[in-house]
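Chemist: Sequence:
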Amino acid sequence: MKLLTFLLTAILGIPPYGPALEMLREDPDRAGVNLHVYEFHPEQDTPAPRGYKPVYLFHYGRHGSRDETSDRYYKRIQDILEKAQQGGFLSEDGERLLDQSRQMSKAYRNSPGRLTRRGEQEHRELARRIYKRYKPVFAKGRKVRAESSIVPRCIVSMGAFTGQLGKLQPGLEMTLDADDSVYSYISNSSSKEHTEAAHKIADSLIRLTDIDTVQIYRRLFTDPAKGKALAPDADRFQYWIWRNAKAAKACDIDGSPYEFLTEDVIYKWWQESLISIFLRHCNSVEFGAQRRERSVPLVRAMFDHAEDALEQEDVAADLFFGHDYPLLSLACWLRLEGVGATLTQDEIVQKWSDPTNIPLASNMQMILYRSKKKDAPLLVKFVYNGRERAVEGLDPVSGPYYKWEDVLTLRPR
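Using the working numbering, the first residue of the sequence shown is number 23, and each one after it goes up by one.
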C-alpha cells in the first residue's frame, strides 16, 4: 500500500488525501490552518464528582480573527489581474477575484494583523460560553485578573472578552494589564534555527505533490497564454491566491478566493502549513524537546497564578490573551489529548488534521474544583477549544478530572 501511495504521488501527482480532503471540502476555510476562523460547536461537560464545584479558572485565549500581517499578497494578485484587465483579457472569474482582493486591501487599512470585527465577536461569544459553563466561579465580588500580550490584536481581544464578562456579571472586580513584563512569559516562539529547519522539512515533504498548473490561467484570463506571461510561475501564483483566501473569511468579505483553486492546490498549501506549524510548535519527535524549553516561562506563570489565586481565595480567574504559538506550546507541554500528541514528521498530516487544533481565537481552560469535604483533594479539568481533554500520562479520578497534586507534577522544575 505504501508503494502504491508513493507511485501515485511521485508519478501521477495524486497525493494520499485520505479523510483530510473531506474535512477541507466541508469548509475550505479550514485550509488556512491557523488563519481558519473559530468554529463554535455545542459543548458538553462531564459532571464533576459528587460534591465538587468549580472555584477557579485559568484561561489562555489566542486573539480572534485577524487580517494578514502584510498586504503584499493582495498587491501581487491585484497587480497581475489589473494588468490583464487593462489589456482586455481578464475573465469574469478574474474580475471577481480582483474584487475580492480589493475588498481585503480596503479592510487591511494599513494595519498589519489587525483584529477584525469577527475577531471581537468571537471573544464575546467565548466569554458568554465560559461564563455559562463555570458560572459559580464568577460570583459577584470575586476578582478577575486579565493580562495580554502587548500586540494590539491581543489587547482588543482582551477588551472584548472582559467587557462581555462584565456585562454578564456586573459585580466582578477586574484588572487588566499589558506590558513588557507580561509579554515576557505570555508569548514565546521557536528559535530561528529551529524555524528554518522545520520549514526545510515541510518543503521537502510537499515537494513531490504535483498540482494543476493549467486551469488557473484558463479560469482567470480569456487569453491563458497572456495570463501566463504575467504570472509565469503557476505554483507561486496560486500560492498568492491561497494567501488571499486564508484571510478572506476573517475579514468577512463577499466570496472566497478558495473557489478559484483546485483541490490539489488547496491541499498542498494546507499540508505545508500544517506540517510547518506542528514541527515548529508542537510535540514533534524531531524538535519537541527544544520547543518545550521555550515554553517554561508560560507554564510556570500558569501554575504560579493558579496557586496564588488559591491562597487568596477571592480570585475567580486569570485570563491570558496571546498568540497561537505559545498556546500550542502550552497544550503540548500539558500533553492534552489530540493537540498535544507526539508525532513524527511523517505522521502529522494523517494524525493532526483536526481543524479545531489551532484556529483563530483558539483557547484553553484549566478549571479547579473543590469539594465541600475539607479532606477531599482539589480536582482539575482541562478544556481546549470547547472540548474536555485527557492528559497523557496522568490517571484521572473520574472522567476528565485529575487530582491537582498530580497535575502539579507537570510544573517545570
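You may find that some hints are simply not true.
Below, a list of computed lysine-lysine pairs in the DSS-like style, where the Cα atoms sit at most 30 Å apart [stated by the list, open to error]: (1) K222 / K75; (2) K165 / K373; (3) K394 / K157; (4) K395 / K248; (5) K165 / K189; (6) K222 / K189; (7) K154 / K97; (8) K425 / K396; (9) K154 / K165; (10) K222 / K128; (11) K425 / K165; (12) K425 / K394; (13) K162 / K189; (14) K162 / K75; (15) K162 / K394; (16) K157 / K373; (17) K75 / K248; (18) K250 / K97; (19) K165 / K75; (20) K248 / K189; (21) K75 / K128; (22) K214 / K373; (23) K248 / K97.
Now the in silico label distances, taken between C-beta atoms and shown as ranges [stated by the list, open to error]: (24) V419 / E44: 49 to 57 Å; (25) T284 / R72: 50 to 58 Å; (26) T197 / G421: 14 to 22 Å; (27) T364 / P319: 42 to 50 Å; (28) L332 / K214: 56 to 64 Å; (29) D199 / L432: 22 to 30 Å; (30) K222 / R72: 15 to 23 Å; (31) K395 / S211: 16 to 24 Å; (32) S92 / V419: 42 to 50 Å; (33) V419 / T91: 26 to 34 Å; (34) R240 / E104: 39 to 47 Å; (35) P319 / E281: 27 to 35 Å; (36) D397 / E61: 20 to 28 Å; (37) E117 / D257: 37 to 45 Å.
By construction, these hints were calculated from the structure, which means they are not laboratory data. Glycine included, every Cβ here is placed at the ideal spot set by N, Cα and C.
Chemist: So, against the hints stated earlier in the document, which numbers end up violated here?
Modeler: 1, 2, 4, 6, 7, 10, 16, 17, 20, 21, 24, 26, 27, 28, 30, 31, 33, 34, 35, 36 and 37
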